[in-house]
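Enquirer: If you want the building blocks of each chain, they are given just below.
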Amino acid sequence: MVNTTTRPEEATKTGAAARPARRGDRKKRRGGWADGHSRTIVSPLELRSRWGRKIYWTLLTAIVIVFTLVFVFPLYWMVTGAMKTGEEIAQMPPTLFPKSPDFGVFADAWELFDIGTLLRNTVFYAVGAWLFALAVDVSAAYALSKLRPMLGNVIMAGMLATLMIPPIVVMIPAYITVTDVPILGWHLLNSPWAIWFPVAANGFNIFLLKRFFDSIPDEILEAAEIDGVPPWRVLVSIVLPISRPILGVVSIFTVVLVFKDFVWPLLVLPDSEKMTISVGLSQTAGAVTQNQIMAGLVIASVPMIIVFFFFQRSIMAGLTAGSLKG
Amino acid sequence: METLTMEPKRQLAPRRRPPSKRRRAVRRNLTAYGFLCAALFCFAMFAWWPIIREVVLSFQQTNLVDPPTWVGLDNFRTVVDDPAFGQAWRNTLAFTLLALLCGYVVPFAVAIVLNELRHARGYLRFVVYLPVMLPPIVSVLLFRWFYDPGPGLFNQVLDFVGLPTLAWLDSTDTALISLVIVATWMNLGSGVLIYLAALQNIPGDLYEAAELDGAGILKRIRHVTIPQTRLILLLMLMLQIVATMQVFIEPYMLTGGGPENATVTVAYLMYQYAFVYGGNYGAGSALGLMLMVVLLAVAAVQLRLTREEK
Chain V
1 MVNTTTRPEE ATKTGAAARP ARRGDRKKRR GGWADGHSRT IVSPLELRSR
51 WGRKIYWTLL TAIVIVFTLV FVFPLYWMVT GAMKTGEEIA QMPPTLFPKS
101 PDFGVFADAW ELFDIGTLLR NTVFYAVGAW LFALAVDVSA AYALSKLRPM
151 LGNVIMAGML ATLMIPPIVV MIPAYITVTD VPILGWHLLN SPWAIWFPVA
201 ANGFNIFLLK RFFDSIPDEI LEAAEIDGVP PWRVLVSIVL PISRPILGVV
251 SIFTVVLVFK DFVWPLLVLP DSEKMTISVG LSQTAGAVTQ NQIMAGLVIA
301 SVPMIIVFFF FQRSIMAGLT AGSLKG
Chain L
1 METLTMEPKR QLAPRRRPPS KRRRAVRRNL TAYGFLCAAL FCFAMFAWWP
51 IIREVVLSFQ QTNLVDPPTW VGLDNFRTVV DDPAFGQAWR NTLAFTLLAL
101 LCGYVVPFAV AIVLNELRHA RGYLRFVVYL PVMLPPIVSV LLFRWFYDPG
151 PGLFNQVLDF VGLPTLAWLD STDTALISLV IVATWMNLGS GVLIYLAALQ
201 NIPGDLYEAA ELDGAGILKR IRHVTIPQTR LILLLMLMLQ IVATMQVFIE
251 PYMLTGGGPE NATVTVAYLM YQYAFVYGGN YGAGSALGLM LMVVLLAVAA
301 VQLRLTREEK
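Protein chains in written order, with the numbering used here: chain V, 1 to 326; chain L, 1 to 310.
Next up, chain L with everything else stripped away, as it sits in the complex:
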């Protein structure tokens, strides 16, 4: 069949040494897989296999030495019965919502304003992205000092302007929001720069037309800016949710999950099961599987929304 379709062409332009089409295809495939094999190895071992292994592990008990035993739904029962379980999900949800408010709305607003400025653009862009470049441990340890209820910067400032000081990380009321503040400070810059690039792609005539129609500045934002950046807004929404769902370093370094579990997140609880409470890898994997399902659901919703937009 293949040779049939090729026949007329070959008669038109005969080559000196025409290898058969099939042989060429086989050779091309062999070369291609030669180029691919290293990547396939890395992906198979360190990306695909762990995902499968997570599903398997969550129904097993293992100590990494003896062969694992099947335990049915025991791991899920352990996880759900843990008093910290509900708290961890509530905290993760609260963290995600707060971080969305700060990390999604704020950068968009900042980007809109920055896009209007004609001066100091390079400086502002550099400065806003600076914290993103720092290793997270730097930001986290720096803020741990700022949050110090005694000589920390934040309380010193509050004291200086005559406001009551706060306990920050030591109080159940403020611990979670303190973590959100650090996370926002560290990550704001990437959002701002991505939105800024999206805003610069909006054709100027749209604003011109809106202005001629008598639209004020707010109306121009509502009817031109937001619809024009809708796709990127949707994409960033998902990326933000996925990013904040994996909060780990903040509770690990700043609060250890406390006070009274007020800052235990799902990722942190997972870490504790596997690497703190004597290696309960099964329970940790069960929790990880739940988180994975939630994240995939978020991704599915996002895909559907994007498709509708297109």
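Here chain V stands alone, though its shape is the one from the complex:
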């Protein structure tokens, strides 16, 4: 390296620098530098020093343990709590494993909370919202990005402006709108459209889609246009196949949003036959025992955890896509 000083810390660094070439290449393969970046705050050289290694491994172990305790242990407690008896739950000190795990509690909870109906409703709302929002938002973003109508910028700005105002702030007028849609006079309480219409009015989805469509070169589309291909076919057979990644992100967003939402379905789907799983659990939770509640929560978590397992990449891509350049 350079003309380093005499401080011991620096000395070890120069010592390590005396054998260059390898520079943590081995680690790169093993340790998952999957993100393709090579240099962070701590240099590879500092890491390779004797102290660096010690600190690194201690820190790594500590972090893995703490993260597991903080984020996984509560879920473990939920699952085992469901399988304990009422007495065992109240016992001091608590048992780490249920003495005689009772799997029947899941069937009880399924019955008590009427989870079959709740899940069916929620999946129906989520899939419907997904299809409807995708159709509406994709065509809007395509129009704004490629057909560029008059006042397109104003419309886009109006759609983005709604992102500044979180839905809960306008929940009262939104609720009143749903009970009596202006001009049309529709009454949408307890109707799935009460979920689907507002979900489609999502400025963030349109923004993400439009930004992706903007990056598709106009020349491709113009060529099709000159050949006389109508715009809807350009959208379906040229734009959509290219846009698969962003469609994935928007789809996941929408489904997760509907699955997780609480306040809005609480207001607009009050009928117990129409409730979502979140609202249904909250309504019945007061009337059943602790282990039954936990069993209900476990069942409600399973679909989201499965979604997360399968679509982890899309979910994480979407999370960072919007915020980084936004």
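None of these hints come from the bench; they were simulated from the model.
Heads up, a few of these hints could be off.
Stated by the list, open to error - Here are a few chain V residues that sit away from chain L, every Cβ distance over 12 Å (derived from the structure):
id, residue
1, Ser100
2, Trp110
3, Glu111
4, Ile242
5, Pro245
6, Asp271
7, Glu273
Claimed, not checked - In silico contact screen, one side only, chain V against chain L (beta carbon under 10 Å); selected entries:
id, residue
8, Ala174
9, Ile206
10, Phe207
11, Ile238
12, Ser278
13, Ser301
Just so it is clear, CB atoms sit at the ideal spot from N, CA and C, and this is done for glycine as well.
For chain V, the structure is supplied; the task is to place chain L on it using the hints.
Expert: For chain L alone, kept in the frame of chain V given last:
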């Protein structure tokens, strides 16, 4: 005018059937609005109209059956005179500040550390994001059990290590912070992953240069990491404030606003006006309008700061 500018080009490359420019523009606009109409309907009815309606409603009294009557500033008077009003704003502010401390500083620090690790990255990222995927009702009901002053996990742990147990949700001192803990646990993961992505965009040479200049690890964080992620930090600050200002499910499920209004938030109070105390939609809207103004002010400050940065 338009035809004039087009003239030379057309002579250079004549097309077989050149439709007039204006007709093409009209057709393009018609097609575009055809594609847009569904979205415009959804936005007009379920995004733009409710915002306007909120302003109108806050000066009206309505029971959803008879036509609404104008009541001037009565709704605002009702809201401000409510003893819970000041408490709700104080709680919301306290909640926001506490949640910022936990939900803003902590994820950034966690992301910095995670970015340094060369092992178990996938596992840690998965685990930290797991609570974000759960429906909030799951986290909230799970923590309600943990907070149980009798057989709850937290008191069992405190008891086990020999510390005095706490009343958690049942005491005015700890109720609000208990809600903040749940909220942080549920949301920490998204912050961590966003910061992690931002950290990975920092060019390595900057650290290299800082190191050659003799900057220690803390100095590298201060002079490289933070300036390089400043924009995203600002953006997240606003998103966090906007997100925490709408706290609802935590007080709704865990405390019902109590004890002694210690956890009443503005959003929860709004809900109570409209859907619990016999449908006072006017007063609820007045409160909602105030919250909207505050949030827009936050957004305006953030926009200005971002612009200065750029």
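Enquirer: The structure should be examined with respect to each hint, and the outcome stated for every one.
Expert: A quick look at each hint next to the structure:
Non-interface status of Ser100 (chain V) relative to chain L is upheld: no Cβ of that chain comes within 12 Å, the nearest being about 18 Å off. Against the 12 Å criterion, Trp110 (chain V) stays outside the reach of chain L, whose nearest CB is about 16 Å from its own CB. With a minimum CB-CB distance of about 18 Å to chain L, Glu111 (chain V) clears the 12 Å threshold, and the non-interface call stands. Every Cβ of chain L is farther than 12 Å from the Cβ of Ile242 (chain V); the closest lies at roughly 17 Å, confirming the non-interface assignment.
Non-interface call for Pro245 (chain V) relative to chain L: holds, since the shortest CB-CB distance, roughly 16 Å, exceeds 12 Å. Distance check on Asp271 (chain V): its Cβ is at least 15 Å (rounded) from any Cβ of chain L, clearing the 12 Å threshold; non-interface status holds. With a least CB separation of 19 Å from chain L, Glu273 (chain V) remains clear of the 12 Å interface cut-off, as annotated. With 10 Å as the threshold, the beta carbon of Ala174 (chain V) comes within range of chain L, its nearest partner Cβ sitting at about 4 Å, so the hint holds.
The criterion of a C-beta within 10 Å of any C-beta in chain L is met by Ile206 (chain V), whose closest approach is roughly 7 Å, and the hint holds. Hint status for Phe207 (chain V): violated, given a least beta-carbon distance of 12 Å to chain L, over 10 Å. Interface hint status for Ile238 (chain V): violated, as the beta-carbon distance to the closest one in chain L is roughly 15 Å, over 10 Å. For Ser278 (chain V), the shortest C-beta to C-beta distance to chain L is roughly 4 Å, which falls under 10 Å, so the interface hint holds.
At about 5 Å, the closest approach between the beta carbon of Ser301 (chain V) and any beta carbon in chain L falls short of 10 Å, and the interface hint on this residue holds.
Checked against the numbered hints above, the structure breaks hints 10, 11 and satisfies the rest.
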